Each structure stands twice: as structure tokens, then as C-alpha cells.
Amino acid sequence: MKRIRNFSIIAHIDHGKSTLSDRLIQATHIVSERDFKDQILDSMDIERERGITIKSQTVCLPFVAKDGQTYFLNLIDTPGHVDFTYEVSRALSSCEGALLIIDASQGVEAQTLANLYLAMEHNLEIIPVINKIDLPSADVDRVKLQIEEDLGLDPEAAILISAKEGIGIEKVLEALVNRMPPPSGDPEAPLQALIFDSHYDSFRGTIIYLRIYQGTVKPGDLIMFMSNKAVYKVEEVGIFQIIRVPRKELSAGEVGYIIAGIKTVSDTRCGDTITLKNRPCDAPVPGFVEAKPVVFSSIYPVASDGYEELAISLEKLKLNDASLIYEKDFSAALGFGFRCGFLGLLHLEVIQERLEREYDLSLILTAPSVQYQVIMNDDSILTIDNPALYPDPVMIQSTKEPFIRASIIIPDRYMGAAMKLCLDRRGINKNYQYLTSNRLEMIFELPLAEVVFDFYDKLKSVTQGYGSFDYEIIDYRETDIVKLDILINGERVDALSQLVHRDRAVDRARHACEKLKEEIPRQMFKIAIQGAIGAKIIARSTISPFRKDVTAKCYGGDITRKRKLLEKQKKGKKRMKMVGKVMIPQSAFLSVLKTDTD
Amino acid sequence: MSRENIETNHFFQPAGLYVHIPFCIRKCPYCDFFSITDRSTIPGFMEALIQEMSMTGVFPFRFDSLYIGGGTPSVLEANQVGRVVETAHRSYRILPGAEITLEANPGTLRFDKLTGFKSAGINRLNIGVQSFRDAHLNFLGRIHTGRDADTAIKDARKAGFDNLGLDLIYGIPGQTKKSWLLDLQQAVDYAPEHLSCYMLTYEFGTPMERGLRKGFFQALPESLAGDLFEATSAFLCSRGYQHYEISNFARSTDFRSRHNMKYWAGVPYIGLGPSAHSFTGMKRSWNCRSVSQYTENLNAGRLPVAGEEVLSRDQEMIEAVYLGLRKADGIAAEAFEKKFGVSFHGLFGEVIADLRKKRMMNATKTRCALTCRGMRFLDGIASRFVQRME
Ligand SMILES: Nc1nc2c(ncn2[C@@H]2O[C@H](COP(=O)(O)OP(=O)(O)OP(=O)(O)O)[C@@H](O)[C@H]2O)c(=O)[nH]1
Ligand code: SF4
Ligand SMILES: [Mg+2]
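One line per chain: the protein sequences are A and B, in this order. First residue of the first sequence: 1, per the numbering used here; consecutive thereafter. First residue of the second sequence: 1, per the numbering used here; consecutive thereafter.
No wet-lab data here; the hints were simulated from the structure. Where hints are given, some of them may not hold.
[Said to hold, decoys possible] Derived DSS-like pairs: lysine-lysine, alpha-carbon spacing no greater than 30 angstroms straight-line: (1) K571/A - K339/B; (2) K458/A - K292/A; (3) K574/A - K338/B; (4) K338/B - K327/B; (5) K460/A - K420/A; (6) K553/A - K339/B; (7) K292/A - K316/A; (8) K564/A - K339/B; (9) K327/B - K571/A; (10) K178/B - K526/A; (11) K144/A - K66/A.
For clarity, every value in this text was computed on a predicted model and none was experimentally measured.
With the rest of the complex left out, here is chain A:
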């Protein structure tokens, strides 16, 4: 156990965590050069396409140190995007230390700070690592100053590396061995192991990822989940080395997996403790704080009989994403579905994409909403995140919406642009301070509803990529919310309703009408689209009907092309929903949610 090191790599987005993981993996030769690919731990398609890490990944690296001993370095690569902080915090709870990466040209950014605080909460040993020193714009002295002043860490302790060029990797490995504490625990004690992740395998059932705190587990053991007392017989234990590598046993201090023929998906809960049935430990390890969703949206299957499949898929996906929260929901337009909570808009997109890709579903999502507090005339308080449940305005005394305290770090030349963005989003400037001579931290209070949509993208674009942002919810404040309905040929489509600030209602309504006009295909009759608050129409658009729809010429050379078009339409229609007589494509629902990315 003295030769085990459990550590996470944490940083702001894009500072090079996954690239450093690559170098560490290569340095310890667990994958052949032939099988190696960049950002190898980003194994999901969606991660590779977007070039970001979404899920934490664990890998066990055997490393022969200068002292001649082989050390087992359990590395967890974590995501940097603000939506996935929950992934980071879970990773940290199974570690003794963390490498905090800082980009030498970008310096300390918002999630550098946020993740550092998280690591400190877990009492971890923190080693600062300055990455990308190969860049011409790298400014190591400045970053050292930031490490001292912003982070309160010893700048001389920082390791200088270029993960891309493979510079300084040996130093990182030696530091892990020499500066990170080994885990503690007793291999002979009753088993006490924390589930920190899992996923569903169609052939082997649920595969549990765990950190062993006490005791030992091996194939043949009867294990028990402490929360629900479910018992299973262990079939296989092992560690992660990109692929699963079976081992004879796992014991205190180690990180690995268990396969135990677990078919009941709901038995496994992230944060639960596993022990042995015949020799249980006294108490579970403290689990994880529940993830707190900030945006809510309903998910419906496009296929009218797709509800069951969606239910099963969500349950399985939840194994691999503990932050996903959902409950049954019903829409007059779309039938049965689920109301889901997400940690942000990127998280929402990721869940949608994973459901569609990994479970081959076709889905419709409704406009995301934050959670409002509605104070009724009789002084009762309702928490509403679903426009469909928004009460009749005459029964409402007042409504409150969540506010956040946002910390925005930017080079000072972008101050004007960032300020304008925040003020446009109903923000209140509380404070700003220089971190270093030309870097600024601005504190804003903003309505959460204004930032969950595209605030981060906009901030990035007005600061040419230099702005970073972190936030926490502080309180609920009085606001003026209206329910915006969308009517198609006079019929209200509940799945398109949204809760918006009154000042924004007309813009949003126009936007929705225009987008729907673009997305809904023309049909043989006129389609009227209206945005309404109650009975009052505040925006409208019309889709004119086909007055002819016929291909004049069709001879030998035209048939294939025409057939392909029909095939495409057929495929497209599978992704459409009938509302009254009107076919609404799945993309139309999505387009309404998105503000224009100009």
C-alpha cells in the first residue's frame, strides 16, 4: 500500500489534463504505441468530437521509480467545464492528492480556483503544474506570481512541463512518488469500499468502479450494498488500464472495478458503500452530496411507443452519470416522458446525445427552465421548473427566481465587453478587483436563467477566448415571470411553452415564431404560428402552404435521386411529431431553445 498513489488531475477547461494523462500513460507503457491515440482517456465519441473531457476516467499506471521500486499510480483525469464540477468532486473523494494544471499562457482561470477549493475541501495534497511552457506566449513568471497570489500555493513547488512536447513528465512522475502521500487503510479489516462510478454492460451487467478504503475483496466473495442490503457474488475484480485488467483481489488503498452479475440496474447507487455480507463493516463511508441540478427540461421519445425504452435507457445512463435526475412527466402534445434536471446546458446536450447515440433513441427536449419560487395568494410557496405547471397568474402573489454570484476573470482590455454582456443579462455589478496588473476579477449578481443558456459561449466570444467564469447560486429574488405559449394553428403546444422574464417575452416569442417557421416543413395547408401570453398574441409567423409540389421530369437518370430524397424524407419524418395535423420536426423543438449564435 505504501506504493500506491491515488491522484486526480484537475484544471480549468483546456489547460491540458487529458494531454498530460496521455504522456503519463505512454511513459508507463501500458498501451502499445500502435494502439495509442491522443486524449486516449476521452473515449466517448462526444468527447472526441468536442475535444473536451466529460467524464472522469481512471487508469492504473505501474511506474518504476528511481528507488527501483514499482509504484501503482492511480490517475483520474477529470473534466474542466463548469457543468461537470460534480464529476471532479467525486473523483477527488477517492484520492489523496491532485495535480493542479495551469496553462502557462492563460494563467489561473475561474475553474482553476474552483477546483483548487474543491481539492482543499477534501484535504488533498496539491502539486501545481505549469503546462504548455512550449508556447511562445507562455509566461511562467507571471503564472508563478498568480500561483502565489491567487492560489496561495508555493510557486517554487510548481513543476514546469509541456504535456504536448513531453517535457517534464519524469519530474511529474517522481513528484507523485515522493510528494503524494500513500493511502491508509487495513487490508485485513472488514471491507469498506466506495462506489464512485459505474456503467452498464449488456453482457456482464453493472460494472462498479470503486475505491477500497478498508479490507480486501476477491472473486467468490458475497458483497452487500449498504444502502439497500442487496447481495451479489463477485465474479471478477480488477483495475483499469484503458481496458479492464482482472486481478486476484483488490485491497485497501486500491482503485478498481467489480463485476458481480448485477442485473437490477437500480441496486447500484453512486456514493454507496460496498461491504462483505458475512463480515460487514460498521458504517458506510460518507457518500457524495447529491448533485444540484440548475436547469430542467422534459425529454420525450419521438416514437409514440418509445416511453418504456427511454425509461430503461435513462436508468442505465444514470449508472454512468450520477448527476442525472429525472421523474415521470406527461405532455398533451408529446405523451409520456421524463422531467430531468441538469447541471447546465452542456450537460443537457451531453445527456441528449448520449441517449441518442448509446441507446439509439430519438428524442425531443423542451425549453430548459430554472426553478422558480411562486408565492401564491394564500401565501403557500410552489417550486416550479416546468412551464406546464405554472399556475394561473391571478392566483399568484409574486414569483422569485434564483440569482447567482458570478466570478468572471478576464484580461482588463475586455472589461467593457464583459460588462456589457452582464448588464444585458440583467446583471448587477458588485465588485471588481485586479488579480495581477492586467487581469481582472469581476463579481456580478445575475439571474441564473440568463446564464444557463449561452452565457459562457458569449463570454468566450466577446473576450476572444480569454474570459472564464464560475458561479454559485446565492438566493432567490422577486421577479416578473410570464408563461410564453406557442400556438400552432391555434393549438397550444405545451412542450414549446417557456417561462420568461416579462421584458424578454416579445423577443423570445418572435424568435420562437421565426425559428419554427424555418424548421417546420411546408404542408398543403397554411400553418399559423403564434406566441402568446395568456390570451394575448405577442408574435406571429405563417408558413404558406404548397401551391404545387411536383417534379416535372423523371426519366432514367432522375429516379435514383428522387428515391433518395424520399428515403431521406422518410427518415426525417421518423424524427417528427404530429401536433394536430402539423408535423413538427425534432429540430424545431431544439431550435426554439437556442438563441442565435451570431
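Following the hints, put chain B with the ligands in place on chain A, whose structure we already have.
Same frame as chain A, now just chain B with the ligands:
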């Protein structure tokens, strides 16, 4: 017919032969057919075409139609056309009495050329008149005038063509119903055996489509173009023509284009020349869209095939429905059921009932066909049928 003949004709499936002559005097801005204007390559092309015929004569088909299209096949001299027809006869089993069509552009015809075509074996002439109005011809970028068309038609009759087809285009910007009907009347005055009336289509990538997109001119309003479609049908039917396919009219059943009917009936065809498509019943293949590649390949003894697809059952079914709905005869339910092993009305009954209610379809137990009103919305209707499949 001798006994042997009957047997062989039974063994060989009926099919159509198409020859694509990819040359034009000038490219019309709305046209997306494959053709080039460099006619210096005609001799080389001719040799390649002969070579392609000699390489593809092996199909177990008997041909009762030969269609020489393009491009502008009438840019060829009569002896060149003669060579094509002759070689076709030598390479393929072309039945006596086969329909042999040549497409002709009024801007390329002389009386002696027409008599030459006739003696070369052409027995059906299809003239691309498009319009009798010079303003429209100008917009369409045609190389001829209305007078040229008039002369060509009269000369064709004089040369002995007793099976004559005229092509017309409508839906031209600025056109009115009145002016279109006058055009149609003039066409009918020549008593052609066949008329094709095409609604102007802005094919993606053509200069005319780009012009429209950039706003250099305005398309005829869709509703008017649709009205002209129905007006065309009504007018020609009142003059004794049968509206037998979306864009095609014939003076009698005998004068329907025997060759083109094959495309809509799923009957095999062999296409020769660049960009030509062949269909052998399950497989469709197409030649490269380049004269030089076409010639080079054949000179090297290779077929100029650029791609092919083997149709799945579902794909065959989509084509059967779409092509069937183009025809006034519609889809024969029994044949459909036999071919695909599904219940026709079980699959499409709901759509058919709805369309009948809207007077867009006539349907009996054995056959369903679009009315003229239905044809106006063919593509959307076909799409509805296709949705029901699976
Ligand atoms: N020049 C240079 N580029 C680097 C270096 N390390 C990483 N990068 C680049 O920085 C980008 C982001 O690298 P990643 O390793 O994906 O960053 P990450 O921290 O894992 O990002 P998230 O997982 O999305 O938070 C990639 O384009 C890398 O090639 C380095 O040392 N030098
Ligand atoms: S003459 Fe015919 S083939 Fe040639 S460009 Fe004009 S329309 Fe096209
Ligand atoms: Mg990463």
C-alpha cells in the same frame, strides 16, 4: 413468327435502349442534363459509343424502343445518326417495329437533314420547341426562334415523320395563363402525336437557379405555376389528348412514348453514353459524366461505369410507388402485392381514403391513380405513401 422466334422472344425480356449524345450548340441556363459545347470531340465520342455498344450487347433483353437523347442529338449529321442506329441493330436484339426516337432542336434542323434522319431509321421525332414566343425563348437561352420551330415542324411532316412529339416549357417568369394557352393552342394546331409540357424547374447548381437565388428575377408565383399545370391538362384533354403522365400527353394510347413508359413501369433499360443510366431489374448503374473520361475508358477497353446500386426490396417499393403515381394509369394493386408480398390497401388504405376525400385520387380495388389535382401535389403525396412502408 417461327417457333424458335417465339421461344427466344419469351426468353429475352423486353427492354429499352437509350443513347445519350452529350453535345449542344450552347448550354441553356436552366438545363442540368450532361452536355458540352465542344463539338470537336464528336468523332472520338462516336468511336467510343460504338465500342460501348459492342461491349454491352450481351444482355438477355429484346428491345422494342431505341431513344437517342441528349444533349442535342440533332447536332449529329444524318449519317452519324445512321451509324448509331445501324450499330445498335447489330449489337442488340432490336425488334422489328421498334419505336426509334430522336430528340431534335429546331436550331439544328434542315429539311435534308430531316429526310436523312428518316432514312437512317428514325421513326419518331421529338422536337424541343419549348415555346413559340421569342421573349420566352430568349429567357430560356434557346438557340432558336418560334419561327425556326414552325419551320422545323412543317419540314418534319414533309420529311414523312408521322409520329411527332413536341416539348414545351411553362411556368416562365412573366407568363400568364392566357399566353400559355395560346402557346399550347399553336402546338395543338400542328396536331402532334405527342406533347410533353414541363413546368420550369430551377435545378440546383444551374445558372438560372443561381440567378433566382440572387434575386436577378422573380419566379412565377407557385400558385400560378400550379394553376397552369391543371390548365394544361384541362386544355389538352379538351383537344383530345390523353394526359398519361405528369408531363406527357398523347393523341392516343398508341402514341404514348413507348420508351419513356419503361422508366415509369420499372422495365429494364440500357443507357449508353456519358451520364446515361442503366437498369437491369434490380441493379441500376450510371456512366461517368465526362466525355473525355468516357472516351478514354472505352478506348482502353473498360466500361465507363461510374457507380451502381442494387435496389433493396424497400427501395424497389419506393420507386414502384413514386413512378406509378406519376402515371394516369396509377399503380396496379394486384401486381404490386404479387411483387412485394404485402397488402396494398392494408399499407396505403388510410392515405388513399384521405386523398379520395380531397379528390386527389381515384381508386378502385385493383388500381389507384392520382387525379390531375393530385398530380399537382405528387411529391408530397408520394412521400406520404413512403411513410407508410415498412
Ligand atoms: N502547445 C501546447 N498545447 C497543449 C499542451 N498540452 C495540451 N495542449 C493542447 O491544449 C488543448 C486542450 O488539451 P486537453 O488535454 O484536451 O485539455 P483538458 O484540460 O483535458 O481539457 P478538458 O478535458 O476539456 O477540460 C489541446 O488542443 C492540446 O493539444 C502543451 O503542453 N503545449
Ligand atoms: S439544348 Fe437541351 S440538352 Fe442542350 S443545354 Fe439546352 S436544354 Fe440542355
Ligand atoms: Mg480533458
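Against the structure, the hints:
| no. | hint | in the structure |
| --- | --- | --- |
| 1 | K571/A - K339/B | holds (24 angstroms) |
| 2 | K458/A - K292/A | holds (24 angstroms) |
| 3 | K574/A - K338/B | holds (28 angstroms) |
| 4 | K338/B - K327/B | holds (20 angstroms) |
| 5 | K460/A - K420/A | holds (14 angstroms) |
| 6 | K553/A - K339/B | holds (26 angstroms) |
| 7 | K292/A - K316/A | holds (20 angstroms) |
| 8 | K564/A - K339/B | holds (21 angstroms) |
| 9 | K327/B - K571/A | holds (26 angstroms) |
| 10 | K178/B - K526/A | holds (28 angstroms) |
| 11 | K144/A - K66/A | holds (28 angstroms) |
When the structure is compared with the earlier hints, no violation turns up for any of them.
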